[in-house]
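Visitor: Below, each chain spelled out in residue letters.
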Amino acid sequence: MITRRRFLFSMGGTVLAFAGMNGRPMVGGTPYFNWAQLKYPGAWNPNPNAASRLLSEVRRRTSVECGVRVREIAPGDPALYEYPFLYISGRGDFPDLGREAARWLRRYVEAGGFIFIDDATGSDGSGFSRGVNSFLAEAFPGEALAPVSSESALFQSFYLLKSVPGRRVVRPIFTGIEREDLTPVLFCHNDLMGALDGDRLGGYTHPEFPGGERQRELSIRMGVNIILYALTGNYKKDQVHIPFILKRRKR
Amino acid sequence: MNAPGSWELINSSPTWIIAVVAIFLIALFSSLTSGRGVGGPLRYLLILIRLLAVAAVAVAILRPAQSVDLTKRNYPPIAVVVDDSSSMSTGASPLSASAGRWRESVASRLKGLGEYYRVEEWRIGEPPVRVEAGTPEEFSRTSTPLGASLEEIARLNPDLAGIILLTDGQDTERPGEGPPSLPIAVYPISLEGGEVEDIWIEEVKTPPVGFIRTPVEIRVSIRSEGMGEGSSTLTLFEGETPVESLDIKTQEGANEVDLLFTPRRTGRKAYSLTLSPRAGESSLDNNAASFSLSVIRDKTRVLLVAGTPTWDVKSLRRRLRQDPAVDLITFLILRTPSDLSIVPEDELSLIPFPTRELFEEELDSFDAVIFANFNYSPFVPGQYLENIVKFVTEAGGGFAMLGGDRSFSRGGYEGSPITQILPVEISGALPGRGYNPSAFRPRLTEAGASHPIFKWRGEAVENEALFSSFPELSGLNWALRVSPGAVVLAEDPAAKNEYGPAPVIALGEFGSGRTMAVLTDSLWKWGLTNEGRGGDGEVYRDFWSRTLRWLMHDPDMELVRLSSPPSGISAGEEVSFRARVFDRSYAPAKGATLKGTLSVGGGTAVKLKWADQGGGEYESAPVKLPSDGIYHLEVEGLGEGGLLGRDQLSFPVGRAGREGLRLGLNADYLGELALRSGGRVYEANDETIFDMLAARGEGEVEVVGRKVDEPWASPLFLILALLLIAADWALRRFFE
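Heads up: the protein sequence lines correspond to chains A and B, in order. Counted the way my numbering counts, the first sequence spans residues 1 to 251. Counted the way my numbering counts, the second sequence spans residues 1 to 736.
Simulated from the structure, these hints should not be mistaken for laboratory data. Check each hint, because a few of them may be wrong.
Claimed, not checked - Here are some of the chain A residues that sit facing chain B, going by a computed Cβ distance under 10 Å: (1) P31; (2) F33; (3) A74; (4) Y81; (5) E82; (6) E151; (7) T175; (8) E178; (9) E180; (10) G203; (11) Y204; (12) P210; (13) I227; (14) L228; (15) I245.
Glycine included, each C-beta is placed from N, C-alpha and C at the ideal position.
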């Protein structure tokens with residue numbers, strides 16, 4: 001029997017549910033994945049609409065409900081620890097964020113956070129890449145970025161992929177820092193998000209690049225895989241998946 | 001050593017001898033030079049008298065004496081050892097009767113041994129007992145420590161000339177071992193009779209430990225004597241409950257049977273085996289055997305099913321995968337039927353969700369199942385939820401449901417079988433409104449602050465303080481109220497209905513299993529967010545570790561814990577039991593009341609009286625265990641506020657002993673025993689053993705002293721000597 005008190009309580013919960021969204025637009029279910037991006041002095045957001053496009057694709061293609069608004073995180077902001085996924089990108093130089101910020105980032109990874117770094121310059125040895133490398137060296141002393149194996153769960157967390165696409169394939173591999181059989185710090189050199197960036201009307205910022213639409217689709221798939229990898233870790237390396245994946249990869 | 005009856009001089013030092021010789025020479029010289037005026041025979045008489053006088057003086061000085069050794073004959077001991085165990089008196093023609101006839105027939109010969117030996121009579125035992133000769137045997141001993149008894153008798157009597165042994169040779173305390181090698185000859189008497197027609201469980205070989213839900217293989221040795229081929233049924237009981245049964249065919253002689261069974265609960269379990277009786281068996285007592293087995297878990301096998309990848313699931317997976325004691329199987333729903341599929345399946349890494357295998361075939365292989373934000377209906381047929389209910393209530397498995405917008409009432413569980421095992425009632429939420437994603441700050445309830453799951457610190461107030469320092473959570477599932485008998489550990493004080501604050505974490509016990517409801521999907525913030533902000537990230541890992549242990553009935557997390565009694569208890573022994581009792585804050589309980597009962601074979605339970613020994617230790621008054629069987633001990637502890645907890649254990653009594661397990665004469669054992677000791681087996685009608693012993697039984701002569709006889713040490717001899725000297729002086733004076 002629904003009492004008046006229970007009815008009011010339920011309605012109160014509903015109101016709170018929408019009030020609790022903090023203004024974030026939500027489509028469908030509760031967002032279980034929110035995109036946080038490092039906002040540092042400089043060209044920190046070279047592909048401003050890429051994240052929402054990728055999140056939209058993740059929502060369409062997978063069971064993961066995503067908030068589509070990007071949460072900007074300043075270096076040292078403790079709000080970072082509310083967001084287990086952090087995106088760092090740039091097209092210019094990456095500044096020296098200091099020792100405190102390095103410690104802040106290190107604690108984040110140690111506590112279980114995931115960092116995806118995308119070099120939007122689309123060139124090897126860019127100032128962004130050098131700056132990020134320097135920052136990571138301070139944050140993770142003794143843990144240099146190393147090539148990520150194509151056997152990593154990253155390449156099979158949702159789609160079966162073989163190499164790293166992007167707007168310009170500078171390196172067909174990721175580099176990263178490995179911990180506990182995972183890669184919590186992932187570096188893409190190919191401007192992956194640049195392949196997805198566009199305007200609000202559906203057009204793309206970079207309509208043409210080598211590889212064409214197939215490469216764009218593969219970039220979306222890799223983006224989906226990165227988010228699923230951040231959420232599931234080595235799930236696809238569990239024994240139960242191996243025979244299926246091996247069979248499909250042989251086809 | 002002087003020979004008996006030999007002569008010697010008591011004063012035999014050179015000084016005395018020189019003095020005597022000097023006297024003799026002087027006397028001789030003076031005799032020859034004096035008395036020249038005396039002629040004829042008289043002169044010779046004077047010389048003779050003088051020499052006799054000198055001889056008398058010499059005897060008086062040198063004191064010649066005859067010495068005689070005093071000796072005695074030592075009779076060495078010989079032992080007659082009788083095995084008075086009950087196995088001697090079993091069967092149609094028991095060996096005890098043969099032993100009696102033998103003793104009767106050789107009574108006079110045995111007595112005759114007394115001429116050569118000290119005959120001692122012993123009974124086997126630990127320690128063996130020396131008895132008066134001719135003491136009748138009762139043949140009621142419940143064990144046969146044959147080898148140990150013989151060793152002890154030999155140790156106590158290193159001079160034994162031999163051991164005459166009356167036994168069946170069935171050493172119950174050293175099964176499978178050969179006889180001891182004794183330094184004393186053993187002469188076993190091969191008693192007549194003892195033939196049996198019997199089949200029995202000779203030995204049960206078990207692994208050192210068993211693992212829960214994993215088949216345990218035991219090897220049962222069955223021996224058949226005089227029964228020929230036949231069929232029997234071997235049944236295994238856990239306590240009083242049959243758990244496995246096997247129809248077997250047995251041959252004459254040794255048989256081995258492997259029996260598999262699967263323990264379902266952890267703890268020290270008592271098992272018993274029975275072999276169905278066959279017609280004409282000599283004994284049915286040996287058709288049963290018991291053993292105890294500690295059942296532990298090697299790894300906690302956890303099935304985690306999540307409706308979608310979330311940070312909560314990721315954090316939980318990370319935590320569980322870090323724990324070497326956890327074997328985790330995960331299934332995440334990565335794509336729902338409503339999601340877009342624009343690529344061929346073989347470009348995806350998705351695999352089918354093996355619902356039938358998981359929830360029908362393999363469910364019992366798991367220790368715990370966790371549904372994390374999992375809306376079952378698109379993936380799992382409803383009838384499989386019934387299997388989960390049985391998994392909990394009947395198989396003792398653990399189940400946890402974690403919150404989210406696809407869980408509890410939002411997951412369609414209202415009215416489903418799973419509500420039978422949820423510690424919260426989820427009915428009453430408005431359609432589609434069963435989940436509130438807002439942030440909230442939970443608090444520990446009184447029960448939560450003292451519960452081992454939240455025992456990060458020693459005191460409840462410290463745990464409450466720590467808990468309140470955690471970051472806010474977000475996302476709360478609707479629950480009307482806690483289920484009857486369940487307990488809320490954490491609640492949201494800001495969300496109330498007529499039943500009180502909304503439960504956040506609740507625990508329940510249903511049947512033999514335990515369940516947990518976590519009505520939020522944001523516990524991951526106790527890890528990442530808490531740790532990032534300088535808090536202790538261990539609290540999150542610790543929480544899940546303790547939760548799993550609680551779900552798995554970890555004995556170390558119970559408030560009342562019984563200690564196992566010693567193994568090998570026999571019927572008739574008095575035993576005290578011990579228990580550790582904790583109060584709700586898990587401090588050693590003071591002044592708790594314990595109520596315990598002890599029962600055997602489903603019979604009347606005996607109430608135990610418990611005494612507080614301090615420090616949370618309680619001990620029962622000694623209780624006599626009247627008979628063999630599987631005993632079951634149950635105890636419940638009551639403290640302030642009521643029941644603290646219960647514990648129980650089972651243990652076997654009796655038949656731990658092997659007496660009667662093997663019947664008949666073990667001729668091989670006796671032959672080997674005689675061979676190793678340098679003795680020999682004698683047939684019961686062969687009395688040459690006594691001839692042999694008599695021939696060897698001269699004993700030893702021991703000199704215990706010496707008797708010295710001086711025949712001239714008398715006053716008469718002294719007078720005679722004086723008279724000779726006086727006569728010599730008087731005659732010489734008269735005639736010269």
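Visitor: Hints broken by the structure, by number, lowest first?
Guide: Per hint list: 3, 6, 7, 8, 10, 11 and 12 violated.
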